[in-house]
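*Asks:* The listed protein sequences derive, respectively, from chains A and B.
Final position of the first sequence in my numbering is 442; the numbers increase by one with none missing.
Final position of the second sequence in my numbering is 442; the numbers increase by one with none missing.
Some clues are possibly wrong.
Note: identical chains are not told apart, hence a pair may lie in one copy or across any two.
[Said to hold, decoys possible] Result set (SDA-like, lysine to any residue): computed pairs, CA atoms no more than 20 Å apart in a straight line:
hint, residue 1, residue 2
1, K241, A272
2, K260, L335
3, K339, G259
4, K260, S336
5, K339, S255
6, K260, G377
7, K339, Q422
8, K260, K339
9, K339, D257
10, K339, E230
11, K339, G231
12, K260, G231
13, K339, D286
14, K339, G256
15, K260, D271
16, K260, L288
17, K339, E289
18, K382, R392
19, K382, E56
20, K241, R185
Derived by calculation from the structure, the hints in this document are not laboratory data.
There are 2 protein chains.
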Amino acid sequence: MPGGLLTDLYELNMAASYLHRGMTADATFSLYARTMPPQRGFLVATGLEQCLDALESFSFEEEALAFLATQGFDLRALDAFRDLRFEGEVWAVPEGRIVFADEPLLEVTAPIAVAQLLETILLNRITLHTILASKAARFRLAAGEAELVDFAFRRTHGVDAAMAVARDSAIVGFVGTSNVEAARRYGLAASGTMAHSFIQAFDSEADAFRAFAEDFPRRTTFLVDTYDTEGGVQAAIETIKRLNISRGLAVRLDSGDLGKLSGRAREMLDDADLTQVRIVASGGLDDLEVADLIEGGAPIDAFGIGTQLGVSADAPSLDSVYKLTEYDGRPVLKLSEGKATAPGRKQIFRSADGDLLGLQEETLEGERLLQPVMSGGRRTSKPPSMEELRARFDADLAALPEDVRRLRDPAPRSVEHSVALQSLTAQARSAALRRSGASSPA
Amino acid sequence: MPGGLLTDLYELNMAASYLHRGMTADATFSLYARTMPPQRGFLVATGLEQCLDALESFSFEEEALAFLATQGFDLRALDAFRDLRFEGEVWAVPEGRIVFADEPLLEVTAPIAVAQLLETILLNRITLHTILASKAARFRLAAGEAELVDFAFRRTHGVDAAMAVARDSAIVGFVGTSNVEAARRYGLAASGTMAHSFIQAFDSEADAFRAFAEDFPRRTTFLVDTYDTEGGVQAAIETIKRLNISRGLAVRLDSGDLGKLSGRAREMLDDADLTQVRIVASGGLDDLEVADLIEGGAPIDAFGIGTQLGVSADAPSLDSVYKLTEYDGRPVLKLSEGKATAPGRKQIFRSADGDLLGLQEETLEGERLLQPVMSGGRRTSKPPSMEELRARFDADLAALPEDVRRLRDPAPRSVEHSVALQSLTAQARSAALRRSGASSPA
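Start from the sequences and build out the full structure, keeping to the hints where you can.
*Replies:* Have a look at this one:
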């Protein structure tokens with residue numbers, strides 16, 4: 001889908017107006033989270049590749065223009081839309097990096113009509129991915145040495161979101177996904193076992209276990225809670241012994257007191273000399289429940305994580321915005337109550353002391369987080385591999401102080417503004433105050 | 001996308017096993033919410049058309065089969081997958097109807113391998129739509145006579161979800177959407193005005209207002225809070241007078257105390273003899289905030305609703321399941337702790353006394369909510385029009401008692417089981433208990 005219509009009507013209104021008036025100067029828009037969601041010490045920047053795809057394919061097809069003709073856009077506007085492509089510049093925080101509120105994830109510079117039209121899709125993609133990766137990171141922190149697998153597909157908000165959660169959770173260290181199309185698309189390990197319905201379709205649980213183990217002798221996970229968990233573990237043990245299989249074996253607990261049941265299952269398996277059989281837990285677990293199980297010493301080797309991850313249930317939205325910060329070389333801001341913005345093209349300078357938000361042209365101490373990723377509408381480099389993405393996240397996570405990492409009431413870093421940015425803000429504010437009232441139409 | 005891979009790996013494992021073993025008997029799966037989400041008195045059944053699309057197009061392309069070959073599926077399994085199509089039967093609650101926990105939204109009957117493979121996508125679609133429509137219905141209840149417009153696209157969990165929220169909110173009475181592609185796809189009214197960036201791109205707010213009003217003289221909504229709301233309203237008034245325009249005019253408030261500011265804006269507009277200029281409010285409003293504004297007498301004519309609707313922020317997930325209830329003519333259930341299921345093909349009987357969940361074959365009093373919608377894998381009727389969907393919802397909403405409708409601590413209906421269903425449950429439970437332990441592998 002070329003995406004011209006994947007936008008809000010007001011973007012088209014504004015673009016048409018700009019184009020009518022010959023307002024073709026470059027605008028810079030900055031995409032960032034205004035505030036941190038509750039219970040998030042940090043955000044994981046993701047979704048950039050999906051944004052760059054959208055920018056590269058942005059255009060209006062004839063069918064889209066025909067629809068717009070029915071919505072009151074005149075021929076002059078349609079002709080102008082027909083020629084639009086994204087040929088601008090993008091700076092962004094590389095995917096997998098850890099960021100905080102107020103830090104631009106993406107800055108787009110292009111003729112104002114085009115940059116404006118892209119607002120909706122860029123916000124949609126960055127917001128979704130960053131929410132999901134940031135939630136997935138909490139599971140990573142909760143699970144300790146245990147493995148994590150994405151089981152969220154059935155409960156995500158659509159198929160897009162299912163693909164996103166598979167990819168974003170992989171970036172922060174999940175080892176696999178149940179989502180087969182996502183595994184194919186992103187080169188992830190597909191993971192999965194059996195459902196309760198499989199057990200129920202056979203005459204007995206033992207018959208079902210035997211059938212499955214015969215059909216998948218090298219990757220059998222027995223779902224043991226359809227009727228009674230201890231009985232299920234016993235049936236799994238008997239099946240393993242009877243078929244004399246030994247590789248890729250696990251039992252999965254999906255209901256009840258997982259701490260107690262995992263302990264009992266481990267005991268039964270060990271008593272049967274099946275120490276190599278792993279224990280997988282699932283069933284609507286949230287990050288703090290995983291942390292409690294791990295801290296409580298539950299012998300769980302892997303977690304299947306679904307709904308709570310898939311919708312980022314405790315913080316399903318991000319206060320993300322896409323704000324004009326410069327037009328035609330002039331820094332701009334808005335003064336709206338509680339929603340004021342900072343002007344100019346930005347850079348994030350990261351040092352051991354924390355992050356400083358400054359201007360792109362500044363030379364300050366620290367690593368520069370915003371990188372040029374698109375120039376003349378083309379990517380400046382190939383998409384990173386999953387290994388690179390994981391390495392970026394791992395390095396940033398390792399560098400986080402304990403109070404930012406902790407799961408309960410984390411303390412996100414606040415980001416200081418450089419002297420130059422503060423001074424530009426003051427200057428732009430005076431100009432905005434002048435524009436708001438004093439100057440009336442000629 | 002034909003959708004064979006839009007599933008969880010375990011569905012493919014189970015399907016392969018069923019097909020290997022010649023287990024081709026019909027299975028019935030029932031899709032329902034186990035519990036009501038917090039603060040929901042009722043659910044609005046939606047997503048059925050998207051499910052029927054998925055069923056009609058379900059198949060495996062060669063590319064999908066080639067991927068599965070790399071995942072350990074043998075030639076026999078791949079050959080069996082290649083021929084699979086959905087040729088089964090579907091009963092469902094028509095979209096737009098109001099339902100409660102425990103009531104099947106959809107029942108699928110097909111050879112078990114196919115019915116199993118469809119679990120993931122059917123759950124994903126019904127869950128997403130039903131969550132969104134149910135949240136949107138709360139805004140409808142909150143807004144009274146004020147109009148509602150969907151502004152959620154930028155904050156939904158992906159593009160799928162943006163299309164869903166536009167459609168689902170329209171079903172429950174929203175009058176328009178900002179989402180242009182959704183407007184095209186579903187025949188909705190596209191709605192939108194200007195962003196703060198438009199104001200900022202001009203030398204003054206007044207210049208921006210005049211430009212926009214000249215370009216869209218029959219549909220101008222002035223966004224008045226970029227610098228200072230009262231000053232913005234004044235600038236809008238001056239622009240309207242200067243250009244002598246009178247049709248389709250509004251001011252939009254997007255920040256600050258909307259109750260107070262809307263009152264002041266109304267006063268200023270009325271004093272300027274602009275009683276026909278409407279007041280639109282937006283800015284991250286949730287349903288209870290809308291209710292408070294309306295109950296407080298704020299003179300707001302329309303609300304633009306974004307994030308809180310788009311992610312159903314207070315209840316972003318639904319405890320939806322797809323459970324095997326009959327296989328090869330035999331009713332089945334599972335006994336898992338806290339997750340027990342009810343066996344057999346169902347029917348919902350609705351009468352003035354409430355809803356009764358019974359068996360499909362029963363003849364009880366009341367309206368039968370589950371209707372046959374697909375037979376032999378084909379739709380039994382054309383998709384309903386938006387007018388029909390709206391009429392269904394309106395009729396059901398009007399019939400709801402006050403305690404189910406109310407926004408604060410609503411009391412959802414609990415659904416009784418018929419005597420025949422209770423008796424079948426008892427019988428299936430005994431059989432399940434026998435299968436769980438007593439019978440060991442021969």
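*Asks:* Which earlier hints can't be squared with this structure?
*Replies:* Hints 6 and 20 not satisfied by this model.
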